[in-house]
Amino acid sequence: MHVSAVRPDVAIVHVQRADEHGRAHAWGPLGITEEAGLASERVIISCEQVVDASVTLSDPNRILFPETKVVAVVHEPGGAHPSPVQGFFKRDHPFHRDYAERSRSVEGFDAWLQEWVLGVSDRGDYMRRVDVEAIRIKQARLSVPADFGDD
Amino acid sequence: MTEYSAQELMVAIASREIRDGDLVFVGMRLPILAYAVARNSHAPAARGLFEVGLMRDQPASRFLGTMGDPPNVAGALWATRMSNAMALMAQGNVDLGFIGGAEVDRFGNLNTSYVGDPGRPRVKLPGSGGGADIAILSRRWVTLMGHERRRLVERVAFVTSPGYGDGTPRWRQRHGLLGGGPVAIITTLAVLRFPDGGGEAYLASLHPGHAVDEVLENTGWDLQVADDVSETTPPTEAELAAIRRFDPDGFWTRAS
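Residue numbers (our numbering), protein chains in the order written: chain A, 1 to 151; chain B, 1001 to 1256.
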């Protein structure tokens, strides 16, 4: 018995930072992020910060995907909401609980869908409804840079 | 004696299954708390492995809504991809795993896939997640469940995560399953255990305030009762204090 490989057309991956060439840096537990992107024909990166290529290339070990796979980079802070992004946003616990409670009934789910999906005009509208300050991570916890010296 | 909820008792029992030095595959909800309690009491050298791709020693310092929550990442021993965490388990490095389930049967097989006929299911459940991997690969595993007749069944409709199969001797070995199998089913009423080498679950201990008849009535098979069935040790003050420190609002242990 075997399971066929999944070959998605496109993976959409939200990361902490990426450059305009699609080189994405992500940190924290990666789950199936790498497999999802690498198995896909194309990758769309959404990111908290667009950074200069000198930032991403300073640490090539942290680049998730070959730039040849990445077809778009979208600057979309909070794009993982209600999930967390290490160093940027906490998990929005009340949002998750609200969904869990309201989705117990069809009527509750419909009302939630109207409030958070169907009745939302665009991304900006969505983020204005989120209590962003309540979930923003404010205290830095920086890693030590790696030395890639070669001479 | 401090009052406690059934979930708090289940967490305390689960924490006692963790031995010092164990590498524990920590599942969501109650096992996260059980790991934190064990680390703070009898198992200070235990390590936790989370399928999202994390290894920790110290429990997270703040409430976790899920295993990838930022407080679980800060101070981690290892942040990696899921396949690496699973590969460690495939190498036999995980001593104890926790698995949740919708249905369990007398031989410890778990169903988290379908309610009703798998061909025409009444409800489609989430599926394995990491459950089947843990059931097959961890050295021993434990499941936690509400004790209801519809959940503790004679035979599960679908084996998502194998226990001891059809209960015949060496079923796991004959099917090439590497890990040792389930050692306990921790429920809201009792603890069921399995004989050494596996086989059929039996009633090992009753939670305070519950009777053997009540357990038998709420179990979907003719449950064997140990000759020396004991009363489950209630949560100690220290265990309760640890549980309430890591679940301050009772989200996992007192809300339902």
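Calculated directly from the structure, the hints in this document are not laboratory data. Keep in mind that a hint or two might mislead.
Claimed, not checked - Distance windows between CB atoms, simulated:
| # | chain 1 | residue 1 | chain 2 | residue 2 | range |
| --- | --- | --- | --- | --- | --- |
| 1 | A | V144 | B | D1249 | 46 to 56 angstroms |
| 2 | B | A1226 | A | H2 | 12 to 22 angstroms |
| 3 | B | R1174 | A | H2 | 35 to 45 angstroms |
| 4 | A | T68 | B | G1129 | 31 to 41 angstroms |
| 5 | A | E101 | B | A1241 | 35 to 45 angstroms |
| 6 | A | W112 | B | D1020 | 37 to 47 angstroms |
| 7 | B | G1116 | A | E41 | 46 to 56 angstroms |
| 8 | B | L1178 | A | Y126 | 14 to 24 angstroms |
| 9 | B | L1077 | A | E41 | 49 to 59 angstroms |
As the list claims (entries may be wrong) - Here are a few chain A residues that face chain B, going by a calculated C-beta distance under 10 angstroms:
| # | residue |
| --- | --- |
| 10 | V6 |
| 11 | R7 |
| 12 | P8 |
| 13 | W27 |
| 14 | G31 |
| 15 | E34 |
| 16 | E35 |
| 17 | A39 |
| 18 | R42 |
| 19 | H81 |
| 20 | P84 |
| 21 | W112 |
| 22 | R123 |
| 23 | R141 |
Everything numeric in this text was worked out from a predicted model, so none of it was measured. The beta carbon of each residue, even a glycine, is placed where N, CA and C say it ideally should be.
The hints, checked one at a time:
1. A:V144 <-> B:D1249: 46 to 56 angstroms: Once the Cβ atoms are compared, 36 angstroms apart, the range 46 to 56 angstroms for D1249 of chain B and V144 of chain A is violated.
2. B:A1226 <-> A:H2: 12 to 22 angstroms: Since the Cβ atoms of A1226 of chain B and H2 of chain A sit about 42 angstroms apart, the hinted range of 12 to 22 angstroms is violated.
3. B:R1174 <-> A:H2: 35 to 45 angstroms: This hint is violated: roughly 21 angstroms between Cβ atoms.
4. A:T68 <-> B:G1129: 31 to 41 angstroms: This hint holds: roughly 32 angstroms between Cβ atoms.
5. A:E101 <-> B:A1241: 35 to 45 angstroms: Violated, since E101 of chain A and A1241 of chain B (Cβ atoms, about 29 angstroms apart) do not stay within the stated range.
6. A:W112 <-> B:D1020: 37 to 47 angstroms: 45 angstroms, holds
7. B:G1116 <-> A:E41: 46 to 56 angstroms: Cβ of G1116 of chain B to Cβ of E41 of chain A: about 38 angstroms, so the range 46 to 56 angstroms is violated.
8. B:L1178 <-> A:Y126: 14 to 24 angstroms: 46 angstroms, violated
9. B:L1077 <-> A:E41: 49 to 59 angstroms: For E41 of chain A against L1077 of chain B, whose Cβ atoms are near 35 angstroms apart, the range 49 to 59 angstroms is violated.
10. V6: At about 14 angstroms, which exceeds the 10 angstroms cut-off, the nearest Cβ of chain B leaves the hint on V6 of chain A violated.
11. R7: 17 angstroms, violated
12. P8: Constraint on P8 of chain A not satisfied, violated at 17 angstroms.
13. W27: Nearest chain B Cβ about 7 angstroms off; hint holds.
14. G31: 5 angstroms, holds
15. E34: 6 angstroms, holds
16. E35: 7 angstroms, holds
17. A39: At about 12 angstroms, which exceeds the 10 angstroms cut-off, the nearest Cβ of chain B leaves the hint on A39 of chain A violated.
18. R42: Constraint on R42 of chain A not satisfied, violated at 21 angstroms.
19. H81: Status violated, d = 13 angstroms.
20. P84: 5 angstroms, holds
21. W112: 18 angstroms, violated
22. R123: The hint is violated - R123 of chain A has no Cβ within 10 angstroms of chain B, the shortest such distance being about 23 angstroms.
23. R141: 6 angstroms, holds
Hint check: violations occur at hints 1, 2, 3, 5, 7, 8, 9, 10, 11, 12, 17, 18, 19, 21, 22; the rest are consistent with the structure.
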